[in-house]
Amino acid sequence: MCNERQVDKLKSSNSKRINELLGKTVTTICGLLVIAIVIMIVIFITYKGLSTFLVNHISPIEFFISSSWNPELPPSDGGPKVGAFVFIYGSVLVSTLALIISAPLSAGTAIFITEIAPKWGQKVLQPIIELFVGIPSVVYGWVGLSVLVPFIRNNIGGYGMSVLAGSIVLSIMIFPTITSVMVDSLKALPFDLNEASYALGATRWQTIARVLLPAALPGMLTGIILGLARGLGEALAVQMVIGNTPGKIPTSILDPAHTMTSIITMDMGNTVMGTLANNALWSIALLLMIISLIFIILIRVIGKRRVYR
Amino acid sequence: MLNSKRLVLVLLSVLLIAMVILSGCGSSQSRQPTAPGNGSSSSEQNSGQSSTSEDTLSGTITAAGSTAMQPLVEKAAARFMELHPNVTITVQGGGSGTGLSQVANGAVDIGNSDVFAEEKLGADQAKELVDHQVIAQGFAAIVNKDVQVDSLTKQQLIDIFTGKVTNWKDVGGQDLKIVVVNRPTSSGTRVTFIAKALDGAQVIEGNTLTEDSNGTVLATVAQQPGAISYLGLAYLDESVKALKIDGVEPTVENIVAGTYPVWSFGHMYTKGEPKEPVKSFLDFMTSDDVAQIAKKLNYIAGSDAAKLK
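So the sequences go chain by chain: A and B.
As numbered in this note's numbering, the first sequence has no gaps in its residue numbers, which increase by one up to the final residue, 309.
As numbered in this note's numbering, the second sequence has no gaps in its residue numbers, which increase by one up to the final residue, 309.
Don't take every hint at face value.
[Said to hold, decoys possible] Facing chain B, according to a computed beta carbon distance under 10 Å, are these residues of chain A, among others: (1) Thr203; (2) Thr207; (3) Gly269; (4) Thr275; (5) Ala285; (6) Phe295.
[Said to hold, decoys possible] Derived coverage of chain B by chain A (criterion: at least 3 residues anywhere in the stretch with Cβ under 8 Å from a Cβ of chain A; other residues may be distant): (7) 91-98; (8) 185-193; (9) 215-229.
Calculated directly from the structure, the hints in this document are not laboratory data.
Don't be surprised by glycine CBs; every beta carbon is placed ideally from N, CA and C.
Produce the complete structure using the sequences and hints provided.
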């Protein structure tokens, strides 16, 4: 009897040790794998992206400033032309406009969920917003193309396919991302803050505007930057509604434009690995990656600088 | 102990799910016949193994590339597989550039391209490829249905696409702004259209829209008042109007008769001389069987294609 118990104990501690070892190994492998993949992607894109300048000897100044794009144009016709300014400008413009539309809406929704109607907001509204994230981008693009574009064309003017259409579609797509992060940062605030503020005789509005928002500001900025990064990287939906006009910088929000992501998706199937036309696309991809890395670093910096606590 | 066991279980199941998803992706990628107009490039997996056998034809053939050629190659492959049940043929899209680079790398057996390999690949790589000009395809200038123009001269087409004429009233239509919808500069359809219909004229970039796939071109031209673009005959449908060029309708009959100028050979490239079963399949592409299929899909193949040479 006693013996059996001892054996049982031994067994369980043995299996515990094996479990622990197994768990440790699996998680370590996962972690290392992720690190390796990220490093490989960064190296690969950097190597590919720089070859436009190092192998094909395109001047970086032309790449950033010129807006004429035709990397396959034979030299006899004045080619190749590798000016990515139109795409960079288009991407930044559309994402910024989307943010201007989306950020205030998100902030309002987040405040509503956490402060105004916590019960209803968290039970109904938050799941609905999270559902937004699950809608595939091609669906947003398709709806944009068949509803928004004709609406803009018939009621506002222009081609319909425009910076405006792209920004609106994008703003809907980044809205749930920004809102979720903002809700989390507002929720993370201790309830003491509300109580202290009310005890001082502040109204609900004063509490929200003067106490809670400043305290949650770093977290909310993180949400905005995440939204911006997501907006810059979005390809399909924007490509479907923005018109993709190369060679012309949009002067009005009703003009069509072109983005970095859409030139990559449009040209990659038609170009051959190792040629200038393909390398130029890698350069744009590299630039896109650098921009999002900068944003991620920004998030880190802002996240560390906490106003409250 | 229960907790750690559960953790391990969860981790293992996550790994398992990941593996299932990954392997599922891999297999679907290699067999999925991509929908027309899919611009995405397929992975460069090495799935091309052509095994030879003595008595019956067997093995696998993979083909990738031009989306303009894809519908015919898919249909022909289906017919070929009926005749030779031991042969599996996979037809992918991805664009002419993808087809050429994958066949040059040996990733696929047949690379479909709208343009000559020399135009996309370096001379060294192009030398290794054997061109099989087994099918031909016509391209039509298409306009929005509301445009009151049925026929344009070549000169008028050139004027429109180079931006000299910007209103339909200048070419015999109503007072309506012309909206040019181009393909990306790297597109094979664009290269052919510019060479054959516009006599190599430099098309404008500013104030034009760009769409990369046959499907989106069709949708855009159908929606956009005053739009003009170009499309492979196989993709034409009732939603747009195909223009006559110099009074000649864009039909397979007129191309074979030599009166309609905008067509090109579709190239099916192999690396080196083709082995079985690829060789039999390429021979099959010139048969009357495929000629019949081609006629239905608005391509030119078999004896008709031979006439064009």
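For each hint, the structure was consulted:
1. Thr203: violated (47 Å)
2. Thr207: Check failed: Cβ of threonine 207 of chain A comes no nearer than 40 Å to chain B, outside 10 Å.
3. Gly269: Hint holds; glycine 269 of chain A Cβ to chain B Cβ min 3 Å, cut 10 Å.
4. Thr275: holds (7 Å)
5. Ala285: violated (13 Å)
6. Phe295: Status violated, d = 26 Å.
7. 91-98: holds (count 6)
8. 185-193: holds (count 4)
9. 215-229: Contact hint for the region 215-229 of chain B vs chain A: holds, 6 residues under 8 Å.
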